[in-house]
Amino acid sequence: MARWDRVAAVMALGLAICLAGCARARGGGSAGATPTVTGVTTTGASDYTASLVSGGLTRTYLVHLPPAASAGRPLPLLLALHGRLGDGKGDAALTGFDAVADHYGFIVIYPDGYQRSWADGRGTSPADKAGVDDVAFLGALLDQIEAHQKVDAKRVYVAGMSNGGFMTERLGCDLAKRFAAFAIVAANVDQALAARCAPTHTLPALLIHGSLDPLVPAAGGPLEGEPVLSTVATVSRWASLAGCAPTPATTTLPTVVADGTSVQRATYTGCHSGVQVVYYDVVGGGHCWPDGLQYLPKAIIGVTSHNLDASATIWRFFASYHL
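Count the sequence shown with my numbering and you get residues 6 to 328, in order.
Hints listed in this document are in silico derivations from the structure and should not be mistaken for laboratory results.
Careful: at least some of the hints might be erroneous.
Below, simulated BS3-like cross-link-like pairs (lysine-lysine); rule was C-alpha separation at most 27 Å, straight line [claimed, not checked]:
hint, residue 1, residue 2
1, K94, K155
2, K159, K182
3, K155, K182
4, K303, K134
5, K134, K159
Start from the sequences and build out the full structure, keeping to the hints where you can.
Put into structure tokens, the structure is as follows:
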């Protein structure tokens, strides 16, 4: 616990410095939409911030509308959840999802966690300790967005990293009815959630994990005092919940950048409703978003692989599924 606190303090400083100077340019094309929700601050022609009250707390989020929004047709929506000590703006910079959204034509929502954390159910985050109900908040957020933007409610997805990844898995168990698929990066599943999880429908899942992640070890075990499954067991659990065949097909992806990493893909098929569960093992990778920002030194979080474009890979996976 003490080690995590030290790492967290360094991460907070590093994220503040990095995101102040490293943020990627955000889209500026007109999306033809005027936000009407309360608490809106326009940050660009296709971006705005907004708020809602949930559980007595004012919660904020960032919206990115792609140029395709100007056509007025319902678009898919991606809910992107930041990691511990992050926020929505930082997650947009880390992942580069805006550019992917502009290319493929989907809306991205970047919510802000309570005290830069999510109540993922493990009881270890500030949000969990404060009794915040983030399942209710994120459900209400989807309701608000769908009331004010043209959203294809059958094509809503969620992806998160680290604490946001743990929260994504909780949503996959407790709010599955709202999502067509989910993706997690640098997160395993805690034992208690794995044991009780019973999604309301078969969920396609994509998982990405660095084999040398120093903060959420691939081997699993106690994490801030709470037991979590290994990455392999996490993938196996989601494949089991989806009714997949137990043995995946494996492929080694081409190495395109000599950064000390390689990527192996395991694909589970034979699942219910024709879905898939896919696992990308980033061999040599750290607690990072592949092809995203190296937001802290390698000595702290490990290596960011550039042999996998996580954001584009996640979206291409999502695009195959709808409710």
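Is it true that the CA of K303 sits at most 27 Å from the CA of K134?
Given pair K303, K134 is violated - Cα atoms ~30 Å apart, limit 27 Å.
Given the hint that K94 pairs with K155, test it: the Cα-Cα distance must not exceed 27 Å.
Satisfied, since the Cα-Cα distance of roughly 22 Å is no more than 27 Å.
Holds or violated: K134 with K159, Cα cutoff 27 Å?
Measuring from Cα to Cα gives roughly 33 Å; hence the hint is violated.
Does K182 sit within 27 Å of K155, going by the straight-line distance between their CA atoms?
Status holds; Cα separation ~19 Å.
Are the Cα atoms of K159 and K182 separated by 27 Å or less?
Measuring from Cα to Cα gives roughly 10 Å; hence the hint holds.
Violation of the numbered hints given earlier is confined to hints 4, 5; the remaining hints are satisfied by the structure.
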